[in-house]
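Undergrad: So the chains spell out like this:
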Amino acid sequence: MTKKSEVIEREEVVIRFSGDSGDGMQLTGTLFSDTAALFGNDISTFPDYPAEIRAPQGTVGGVSGFQVHLGHSEINTPGDFSDVLVAMNPAALKANARWIKPGGTIIYDEDNFSAKNIEKAGYEKDPIKEEKLESYNVIPAPISTMVKEALKDLGMDPKSVVRTKNMFALGMVYWLFDRKLQYTEDYFEKKFKNKPGVAKANKIALRAGYYYAETIEALHPTYKILPAEIAKGTYRNINGNTATAWGFLAAAEKSGLELFIGSYPITPATGILEELAARKDLGVKSFQAEDEIAGICTSLGASFAGDLAVTSTSGPGLALKSEAIGLAVMTELPIVIVNVQRGGPSTGLPTKTEQADLMQALYGRNGECPVVVIASSTPSDCFHFAFEAARIALEHMTPVLLLSDSYLANGTEPWKIPAMKDLPKINPPFADRTTTPFLPYKRDEESLARSWAIPGIAGLEHRIGGLEKTIKGTVSYTPENHELMVNLRAGKVERVANEIPDLKVHGPISGDILVVGWGGSFGYLITAVRELQEEGHKVSLVNFNFINPLPKNVKEIFRKFKKIVVCELNSGQFADYLRIKHQEFTYEQLNKVQGIPFTIKDIKEKCIKMLEDK
Amino acid sequence: MAETQIYKYTPKDFKSDQEVRWCPGCGDHAVLNSVQKALVELGIPKEKFAFISGIGCSSRFPYYMDTFGFHSIHGRATVIATGVKAANPELSVWQITGDGDALAIGGNHFIHAVRRNIDINIILFNNEIYGLTKGQYSPTSTKGLVTKTSPFGTIEEPFSVGELVIGAKGKFFARTIDTNVALSTQIYIEAAKHKGTSVIEVLQNCVIFNDGIHDTIADKEVRDDRTLILKHGQPMIFGKNNDKGLVLEGCRKLKIVKLGENGITENKLLVHDAFEPNPGIQYMLANMKYPEFPVALGVIRSVPGPTYDIALKEQIEGVKKTAKIKCMDDLLMSGSTWIVE
Numbered sequence: 000m001t002k003k004s005e006v007i008e009r010e011e012v013v014i015r016f017s018g019d020s021g022d023g024m025q026l027t028g029t030l031f032s033d034t035a036a037l038f039g040n041d042i043s044t045f046p047d048y049p050a051e052i053r054a055p056q057g058t059v060g061g062v063s064g065f066q067v068h069l070g071h072s073e074i075n076t077p078g079d080f081s082d083v084l085v086a087m088n089p090a091a092l093k094a095n096a097r098w099i100k101p102g103g104t105i106i107y108d109e110d111n112f113s114a115k116n117i118e119k120a121g122y123e124k125d126p127i128k129e130e131k132l133e134s135y136n137v138i139p140a141p142i143s144t145m146v147k148e149a150l151k152d153l154g155m156d157p158k159s160v161v162r163t164k165n166m167f168a169l170g171m172v173y174w175l176f177d178r179k180l181q182y183t184e185d186y187f188e189k190k191f192k193n194k195p196g197v198a199k200a201n202k203i204a205l206r207a208g209y210y211y212a213e214t215i216e217a218l219h220p221t222y223k224i225l226p227a228e229i230a231k232g233t234y235r236n237i238n239g240n241t242a243t244a245w246g247f248l249a250a251a252e253k254s255g256l257e258l259f260i261g262s263y264p265i266t267p268a269t270g271i272l273e274e275l276a277a278r279k280d281l282g283v284k285s286f287q288a289e290d291e292i293a294g295i296c297t298s299l300g301a302s303f304a305g306d307l308a309v310t311s312t313s314g315p316g317l318a319l320k321s322e323a324i325g326l327a328v329m330t331e332l333p334i335v336i337v338n339v340q341r342g343g344p345s346t347g348l349p350t351k352t353e354q355a356d357l358m359q360a361l362y363g364r365n366g367e368c369p370v371v372v373i374a375s376s377t378p379s380d381c382f383h384f385a386f387e388a389a390r391i392a393l394e395h396m397t398p399v400l401l402l403s404d405s406y407l408a409n410g411t412e413p414w415k416i417p418a419m420k421d422l423p424k425i426n427p428p429f430a431d432r433t434t435t436p437f438l439p440y441k442r443d444e445e446s447l448a449r450s451w452a453i454p455g456i457a458g459l460e461h462r463i464g465g466l467e468k469t470i471k472g473t474v475s476y477t478p479e480n481h482e483l484m485v486n487l488r489a490g491k492v493e494r495v496a497n498e499i500p501d502l503k504v505h506g507p508i509s510g511d512i513l514v515v516g517w518g519g520s521f522g523y524l525i526t527a528v529r530e531l532q533e534e535g536h537k538v539s540l541v542n543f544n545f546i547n548p549l550p551k552n553v554k555e556i557f558r559k560f561k562k563i564v565v566c567e568l569n570s571g572q573f574a575d576y577l578r579i580k581h582q583e584f585t586y587e588q589l590n591k592v593q594g595i596p597f598t599i600k601d602i603k604e605k606c607i608k609m610l611e612d613k
Numbered sequence: 000m001a002e003t004q005i006y007k008y009t010p011k012d013f014k015s016d017q018e019v020r021w022c023p024g025c026g027d028h029a030v031l032n033s034v035q036k037a038l039v040e041l042g043i044p045k046e047k048f049a050f051i052s053g054i055g056c057s058s059r060f061p062y063y064m065d066t067f068g069f070h071s072i073h074g075r076a077t078v079i080a081t082g083v084k085a086a087n088p089e090l091s092v093w094q095i096t097g098d099g100d101a102l103a104i105g106g107n108h109f110i111h112a113v114r115r116n117i118d119i120n121i122i123l124f125n126n127e128i129y130g131l132t133k134g135q136y137s138p139t140s141t142k143g144l145v146t147k148t149s150p151f152g153t154i155e156e157p158f159s160v161g162e163l164v165i166g167a168k169g170k171f172f173a174r175t176i177d178t179n180v181a182l183s184t185q186i187y188i189e190a191a192k193h194k195g196t197s198v199i200e201v202l203q204n205c206v207i208f209n210d211g212i213h214d215t216i217a218d219k220e221v222r223d224d225r226t227l228i229l230k231h232g233q234p235m236i237f238g239k240n241n242d243k244g245l246v247l248e249g250c251r252k253l254k255i256v257k258l259g260e261n262g263i264t265e266n267k268l269l270v271h272d273a274f275e276p277n278p279g280i281q282y283m284l285a286n287m288k289y290p291e292f293p294v295a296l297g298v299i300r301s302v303p304g305p306t307y308d309i310a311l312k313e314q315i316e317g318v319k320k321t322a323k324i325k326c327m328d329d330l331l332m333s334g335s336t337w338i339v340e
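Those sequence lines, one after another, are chains A and B. Position one of the first sequence corresponds to residue 0 (numbering that gives the first Met the number 0), numbered consecutively onward. Position one of the second sequence corresponds to residue 0 (numbering that gives the first Met the number 0), numbered consecutively onward.
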């Protein structure tokens, strides 16, 4: 419908929407990414918001951002540097200037670049000049003035008018990327069904932005990103927290059990509790507990009573849950504990990402207290690993700790929707009347799992608890019995290795460098490794999802590479763990503890340096 | 039909094969007997009982019951029991706890369980001391009590269990003495029948570390004069000769009166109303202390109200009725999706 002066076809583009935390940037970004996904681009998104709900307006601390990475080919990360930055105020520019690609496009609301706001953001006079961005494609737009003008006939109050600024900006970006407005307009219709005035205002602002961009023609070059070639099927966008919640729902359906979640709200894990609380239609018993301990203990009670029990938290909450995890280990009840990691220690950086709870997950309890530890690695595979965590917990009668992180929890990507018939059935080792007299700690010879006797079934009455027991369930402090039970509990967890998939090598199975990652940094690692491979380097990647127990083929893979580098967003916890488990190898490390993910550049530079150091 | 079936149990059916290991003379033995007697009367099949405990001497209780049992961790029995009941409202869930377990380390869970009114029965063994750790003061120890951690006497105000329950919007509170098996059994039966969180405070004797702590009111010689056994619908009379009673003075204070003196007759005495939702008088009764007053025993408050477990179940059933999403495949395909061909 519009003629573009110059159209550039690009493989991929990164756009960052940035403004005050009240400017609606999360919604703006989400609407853009949904539109891109519907068009057929592969996408990856990441919201970046302050811990304070409303930090002081106009300050760098209050900047909220949403980054979208869209492409013609497979996209694995929300991108490091942005091609386009939308800055609603000077603080947004300040927070993001160093993340713009050289020569990139900056759209900003010049009405908001008043002397006062410029000063508040920490600039002297001319932000563009002070950031040395003069040679970039800088587009000042009087967004506030324009929306006031566009909406003047609607008779709205000034506050509501200003609230549509984000849609004006979105309209500009749609023009820039040659996108249709239909999806977003439909969204307004649905969202503001009972407020037709608001729907209309947003539509007008969106179109005004679109036509403004067309009129000024300052917006060249415009970008065209063709649809990605992705596997056939039905797709949807999903973030990690929702995918995790849905994985548990799927496991409940496949095991025929009811799902119970006892949890306490904590950033960035709350989305899991919220999603499951909304799923009463699928029979979820959600219990918002008075604290983290009550969260896990109600779940453990529900597990004792025969439900699929889960609890969700983040690092500080996991610390509070550790005693109850010990109880779950001792009573050998199935339960999944999700830890959506954030920057620590203590309250740390609640909205930022980190992978520094690994040791806590593996060892943070009293006594010999092993649990299965699994880590998700992309927003959508949170579904698969939540399902697997539940399956292993139920079939092996063990607590499973599932690690996610802030980056996965809030990031979204398109997901090919699975059919429930393709997922395996889950078979917990239920005790029945034929197993009387019921011995609580009698085990399956192969898996070492005990059987699960649900209250309500006559003849299976039994007692379990936190004190050491014999096979019969009698309390025992006998030295030999304690050691035997410690070994049996450990053996049970180790035997889970018999049924987890082999570790997969991305790239050739031998070479100069093996990049080793785990969990949520997969997207950055695979992107960097693929680029290195394209440049002709003999670099491959393995990314661990199963942490305890480790897959069986680790040694076989590791020995075929000259060097190994373990990359993680902490000070080297997984590297240390590998040093314990596979001492025969030498591990180099790439670590970052800044509350933000790796950049592709970080990883490539490290690998190049390792290749040069012969 | 399970409801109409009659279960012919004897207390022995509820005894497990475990040897009871409390100290000889400990009040816990009597509580165990009373509970086993009460269960026989409930008409509930044995496999529907779950006994959940925390940590402390009393928390060994589930091992001695031939029911489903879970001996958990310190302070957390309340929430484990809550999870069991929320998961399966058909179970009869009993929590065994002590003054330290329920009110110190587990205090937060205690008030929230009471607030939610989840249908569990909490038997709180109050011996005003930490027994298992060998004699430290507890949140119910009388101010000034000399213990191993208060060698110069405690400087803290104790909790009153009944006051706490009523303050947390509790609907059922009863008090008994460990050695009074008949009264205790009756109270456990009423607690089991009450729908909602039932808190039963058992004044229990620790023969080793706080021996005789309740003797001033519980001793045979004096108990009739120093306790008042409340019965719903009955006037509040006590005393060895049934000659003392309670009246309300100026609508705000309780007062002991003597029958026959100053024209006081039985029909001038307060009549106990355990079902009255306004907790005013029940609160005063729960807080009566010797020597100013007799200590109130029996069911002090028993008010019906919605329970968490049933509300949860009904909310789920209600949502399910009109829900568009009936199974996982429905959910997976809901909202914005697109097809790649």
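Keep in mind the hints are simulated off the structure, nothing from the lab. Do not take every clue at face value.
Unchecked claim - Each computed DSS-like pair below joins lysine-lysine, with the alpha-carbon atoms no more than 27 Å apart: (1) Lys239/B / Lys192/A; (2) Lys36/B / Lys279/A; (3) Lys415/A / Lys325/B; (4) Lys267/B / Lys279/A; (5) Lys189/A / Lys320/B; (6) Lys580/A / Lys562/A; (7) Lys279/A / Lys230/B; (8) Lys231/A / Lys471/A; (9) Lys194/B / Lys420/A; (10) Lys239/B / Lys194/B; (11) Lys323/B / Lys288/B.
Remember, predicted model here, so these are calculated numbers, not experimental data.
Undergrad: Take the hints in turn and mark each one as holding or not.
TA: Against the structure, the hints:
1. Note on Lys239/B and Lys192/A: the hinted pairing is violated, with a Cα-Cα distance of about 74 Å set against a maximum of 27 Å.
2. At most 27 Å may separate the alpha-carbon atoms for a hinted pair to count; Lys36/B and Lys279/A exceed this at roughly 40 Å.
3. Taken as a hint, the Lys415/A and Lys325/B pair is honoured in the structure, with Cα atoms around 21 Å apart against an allowance of 27 Å.
4. At most 27 Å may separate the alpha-carbon atoms for a hinted pair to count; Lys267/B and Lys279/A exceed this at roughly 54 Å.
5. Proximity of Lys189/A to Lys320/B is assessed by CA-CA distance (about 24 Å); at most 27 Å being required, the pair is judged to hold.
6. Distance hint between Lys580/A and Lys562/A is fulfilled; the C-alpha atoms sit about 17 Å from each other, no more than 27 Å.
7. Pair hint Lys279/A plus Lys230/B does not hold up; C-alpha atoms about 42 Å apart against a cutoff of 27 Å.
8. Distance restraint check for Lys231/A and Lys471/A: the Cα-Cα separation of roughly 54 Å exceeds the 27 Å cut-off, and the hinted pair is therefore not satisfied.
9. Taking the CA atoms of Lys194/B and Lys420/A, the gap is about 42 Å. The hint is violated against a cut of 27 Å.
10. Between the alpha carbons of Lys239/B and Lys194/B the distance comes to roughly 35 Å, so the proposed pair goes past 27 Å and is violated.
11. For the proposed pair Lys323/B and Lys288/B, the alpha carbon gap of about 58 Å is over 27 Å, so the pair is violated.
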